[in-house]
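*Asks:* One-letter residues, chain by chain:
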Amino acid sequence: MVIKQQAQAGTFESSDMLVLVEPVSEGTGRVIELHSPVMVQFGKSIKEEINNALDEYEIKDVRLICNDKGALSATISARVETAIRRALQIQDGVLPS
Amino acid sequence: MIAENTDYRYEIMDMKNPYDVRKVSDFLSPLGFDFTPDQIDYTVILINLNDELIATGSLKNNVLKFVAVATKFRDTTAFSFIVKHLSERVLLNSKTAFVFTKPENIEKFMSIGYAEIASAPPTYALLEFGYKLIKDYKAYLKSKRINRLAQKVASIVVNCNPFTNGHKYLIEKAAAENDVLYVFVVEEDQSVFNFKVRWKLIEEGISHLKNVVLLRGGNYIVSSVTFPAYFLKSEKADLITQKQTELDLNVFVKHIAPILGINKRYVGTEIYCKTTAEYNKSMKNILTKNGIELVEVQRLAIGSEDNYVSASKIRKAIKDENLDSVLDFLPDSTKAFLLSKDSEQIRNRIKASSSRH
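Taken in sequence, the protein lines are chains A and B.
Heads up: the first sequence runs through residues 1 to 97, numbered per my numbering.
Heads up: the second sequence runs through residues 1001 to 1357, numbered per my numbering.
One chain only, chain A, in its complex shape (with noise of 0.2 Å):
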């Protein structure tokens, strides 16, 4: 699926991942910037966590900013889901606009 507009889930909260989704022209790529604390011992799965939940949505072209605070893969699956739904435009954020 194509994303559609600019999208976040998550918290700043320690455990936690704040994921920011940007549309990106077709034929980029996954882009995928990682921070987190554990990026030594854990960079690895967790990025190959977040392209699990990318390739769920079968999503080629994307820009993923993820603001890891050590949080579990249960909650990185779920924080990047979301924000893809959001920026697929299949799932509503939680602030009223």
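Do not take every clue at face value.
Chain B side only, calculated, beta carbon under 10 Å to chain A, not exhaustive [as the list claims (entries may be wrong)]: (1) Phe1081; (2) Phe1129; (3) Tyr1131.
Footprint (simulated), chain B over chain A, 3 or more residues, beta carbon under 8 Å [unchecked claim]: (4) 6-12; (5) 16-23; (6) 59-72.
Rather than coming from a laboratory, the hints here were simulated on the basis of the structure.
The beta-carbon is built from N, C-alpha and C at its ideal position, and this holds for glycine as well.
Given chain A's structure and the hints, the job is docking chain B onto it.
*Replies:* Below, chain B without anything else, positioned relative to chain A:
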């Protein structure tokens, strides 16, 4: 025990309601903040079940300000709740969220993902978070760089509201004295002449100069992010202006000048605008310290010696419907624009307004 996260509730304050304003400023003043509700367009507070106010934060466009947490609640999640709430709101419509705060809070914001841009201790620090960061602006500057081997590289920052012969003279002089000249145009659309018009008039007016590159000022040069006082209507030349000047220049010195290899900055001597005059003075100090030479150029005068060219004179003439009296001050591009129908809307706005910018 301190309240759990779920015990918080937030409330959005109405800045037109004096009771709400008082509630926030009473909370902020013991924490060392001088709350200015007129420079804010959104304020949120956090309350716990005992109805204690435990934290607050405000927004002005895409800048977080007045973020504060009561001492007792500093080790709770109140801080990240406020920052999250405000950042989320900003990032719905904007590419970057900025924080304007005190340097002692830099680490707190950095620990949750914000990155420091520059600071002016002990008063101000500027941080950012989001889709587009200063590295993207630096990449833009890099892509515009010409003649990498040039020795004398100068810069000018202009608002050009509107573009006059004074600006043209300054740019021509700097271009003649240097190998390369970068002209930064303030991008903020808070002036009567909007960015697109200002850019176009300058571009047409300097098209004969081959070693001049016109650059967008972005969020990082004299914008309401780096230098809010510049756009305020008051002309107080006080500590606030001075410190904000320092912040704006630190961004310039730390991030912008090195990318383009700038070693000179030109300014016109300032007579009319106190904010700009103060800016020039602090500029000399800070730039010299960082190895950039400040060149002050005597303002262009036409006819008699004290008949200085100034953009505010032009705006005044438009207001008084007396444009003919200042035609000598205008380069062809601006003259043609002001005499054409395209500028009707802008002219009417000037006539209706009373502000300085």
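*Asks:* Against this structure, judge whether each hint is valid.
*Replies:* Each hint tested on the structure:
no., hint, verdict
1, Phe1081, "holds, 8 Å"
2, Phe1129, "holds, 8 Å"
3, Tyr1131, "holds, 5 Å"
4, 6-12, "holds (count 4)"
5, 16-23, "holds (count 3)"
6, 59-72, "holds (count 4)"
Violated hints for the displayed structure: none, as all numbered hints are satisfied.
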